[in-house]
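A.B. asks: Sequence:
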Amino acid sequence: MRTDRCANPSPSQKWFGLSLQALVVLSRQEGISPSCDIARRLQSEATLLRKIMAKLAKENILETREGRDGGYKLKKRAEDLTLAEVYRALEMEEAVCSGMRLTAGDHPLGEKLESAFNDIKDELDRKVLEVLGNYTIADLAAKME
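Here the working numbering runs 151 ahead of the position in the sequence shown, where the first position is 1.
A portion of the hints provided could be inaccurate.
As the list claims (entries may be wrong) - Straight-line distance between alpha carbons at most 27 Å, and here's what the computed DSSO-like set of lysine-lysine pairs gives:
#1 K165 x K209
#2 K224 x K165
#3 K294 x K226
#4 K272 x K227
#5 K165 x K206
#6 K278 x K294
#7 K206 x K224
#8 K202 x K227
#9 K206 x K226
#10 K206 x K227
#11 K202 x K165
If you are wondering where the hints come from, they were derived from the structure by calculation, not from laboratory data.
Required output: the full structure, derived from the provided sequences and hints.
C.D. replies: Structural data, given as structure tokens:
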């Protein structure tokens, strides 16, 4: 019986989806967009969105402006911003498959499997980044038209 791994995403996995949506919104805006406006469009909490946006700003994906007229703006063109860059900025690699390593346990079988799990996780990370590197924020925005 197959279960949908994405049915109950972890909070950090939600960050990735929300960040992509927010970046699409920003790609379609002129100038600075306040977090409350973006959150309203995404039907999300502004405080959660600000945490995500702060991480993206720290990684030089977003430009921020503080104050009453503050908000966010893309630092580069949507055509040049890959989904892989966003994934790396949010440090998603650790969130996706860390459960494999955490379940290995401190016993002989677990210790042997931990090495195999690490190899699998590394390959998964490479493949995920390879696929995400083929898409940009502009590609996502174009699908909205």
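A.B. asks: When the structure is checked against the list of hints, which entries are broken? Sort them ascending.
C.D. replies: Going through the list in order, the structure violates hint 4 alone and respects the others.
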